[in-house]
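Engineer: Here is what each chain is made of, one letter per residue.
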Amino acid sequence: MGVRELTCKELVEVVTDYLEERMPGEQRLLFEEHLVFCDWCTTYLDQMRKTIRGAGALKEDDIDPAARDQLLNLFRDWKRRS
Amino acid sequence: MKALKFTRSDRVAPFTAITWPSPGEWLTVDEAPALCRRGVHGIRATVLPTWIAEELWRIELDGVEEIAHGIVVGSRGRLLSLVEEWNDETAREFSLACAHHVRHLEAESARAGDYAADAARSAPSATAGASAALVGYMAAHAAEADSPGGFAREREWQAAWLTDRLGLTAGAELA
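So the sequence lines, in the order shown, correspond to chains A and F. So that you can map any letter, position 50 of the first sequence is 54 in this note's numbering, and since no number is skipped, the others follow by simple counting. So that you can map any letter, position 55 of the second sequence is 109 in this note's numbering, and since no number is skipped, the others follow by simple counting.
Hints in this document: simulated from the structure, not taken from any laboratory. Each hint can be trusted.
To spell it out: a stretch of chain A is covered by chain F in this simulated footprint if at least three of its residues, at any positions, have a beta carbon under 8 angstroms from a beta carbon of chain F; those stretches are:
| # | region |
| --- | --- |
| 1 | 25–38 |
| 2 | 42–49 |
The calculated label-pair distances, taken between Cβ atoms and stated as ranges, are:
| # | chain 1 | residue 1 | chain 2 | residue 2 | range |
| --- | --- | --- | --- | --- | --- |
| 3 | F | ARG157 | A | VAL7 | 16 to 22 angstroms |
| 4 | A | LEU23 | F | GLU143 | 33 to 39 angstroms |
| 5 | F | ILE121 | A | PRO69 | 51 to 57 angstroms |
| 6 | F | ALA86 | A | ASP81 | 48 to 54 angstroms |
| 7 | F | GLU210 | A | ARG57 | 38 to 44 angstroms |
| 8 | F | ASP218 | A | ASP21 | 35 to 41 angstroms |
| 9 | F | SER163 | A | LEU23 | 37 to 43 angstroms |
| 10 | F | HIS154 | A | GLY6 | 23 to 29 angstroms |
| 11 | A | ASP66 | F | GLY221 | 53 to 59 angstroms |
| 12 | A | GLY60 | F | HIS158 | 51 to 57 angstroms |
| 13 | F | ILE121 | A | GLN74 | 47 to 53 angstroms |
| 14 | F | ALA88 | A | GLN74 | 41 to 47 angstroms |
C-beta: ideal position from N, C-alpha, C; glycine also.
Only chain F is shown next, with the shape it has when bound in the complex (with noise of 0.2 angstroms):
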């Protein structure tokens, strides 16, 4: 199946340090899948914000289960494309957009204005890895503060954000 991947610079997984091959290239493990342990992990769109990180990639995956909301893990994997649509630019227009959404909350509860105006201070400034994930989350608090089940619709919003201006509508297997 078709799923995404976002890794540090150069191929990097960010957890385990692991630089993927060249794409087309497949990477293969022995082990039978475990959430965060064993596997080739990739995630779906929905779940985009959650796991942002320098590179995003199209990948595909070979005997795959869904073990978590989200997140899909196979017994081999294979980097498809570089999404080129994620860089610098597109992170800190994504930053903007979710300090934004949640702009009008900097006039409510304090906690949540608090959130909120660290997103605004924070996004203009940030770039495709933590700081961009860091705003995203800043800006989920900033709802959830507002009201409860706010975080989860934020990162719907964002998800969608994400998919929308990345272009990655295109294949259902990503919704």
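With the rest of the complex left out, here is chain A (with noise of 0.2 angstroms):
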């Protein structure tokens, strides 16, 4: 049997689970061991947390027209071409 743990791949794929407490606890215990050692998962760990406060907290007036016209082309695209 090797060793249980996270790798840095793993850990990014299941964040979202571990910020929204959908983790078993067993899967909590690995991920928190992986942030111990792994300055990188805790920098994008600490991203990711920003970004949901952050985009949390954004209203639709908040995004310039412009802006705002151009992802809803991108995204009109995108379900074109899917």
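Reconstruct the complex from the two isolated chains, following the hints.
Structural biologist: What follows is the structure, encoded as structure tokens:
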């Protein structure tokens, strides 16, 4: 039996489950064990938290109309292509 | 019961970012303890190297359950005293000891050798925090790459080293 642990790649894949508390305790344990020694993943988790906080406070009026139109066009194109 | 707790600088819990109250004051949680989710978490000395951070505290927990290997969770807890012996200097000593302990593996398989060499390269600049934790982790992986079960054995050795060097042998409840 090998060492039970999460790699950086695995941590990135499950970070939303961790933040939304949808992860079983044993997996949270492995997740946090990884954070102890991995500055990169710790930074990534901090960035995710800041993004969620920032995005959560945004209202529709906060977006510049030109940027909003550009984003909507991008989404429409993406929809057409998929 | 008495237990141990690693925190970031200034008593900040490493994962929740909660600041623990001053030593002696209780931190209380209303909900039932759950691993890595709810409750006041502490550790036993046997898992010290896995949870290394900037500060190490002796703590007291009430309403305790041991819900994972070496991890105890209570409904309330308080800091008792800072383990002054844990600092950048002893963290570096620990890192050098870890690297030295697997140094002989540098000549073994490529994978074990790479881990051992990485540990040796990183140890001299390690401080109390993630860098010391990483050296211990690499040394344990060197041992595992050399022989199955080596990771756990190396972690045991590292825990014993820390327990002895930091003078934590006294409280039997920490073992």
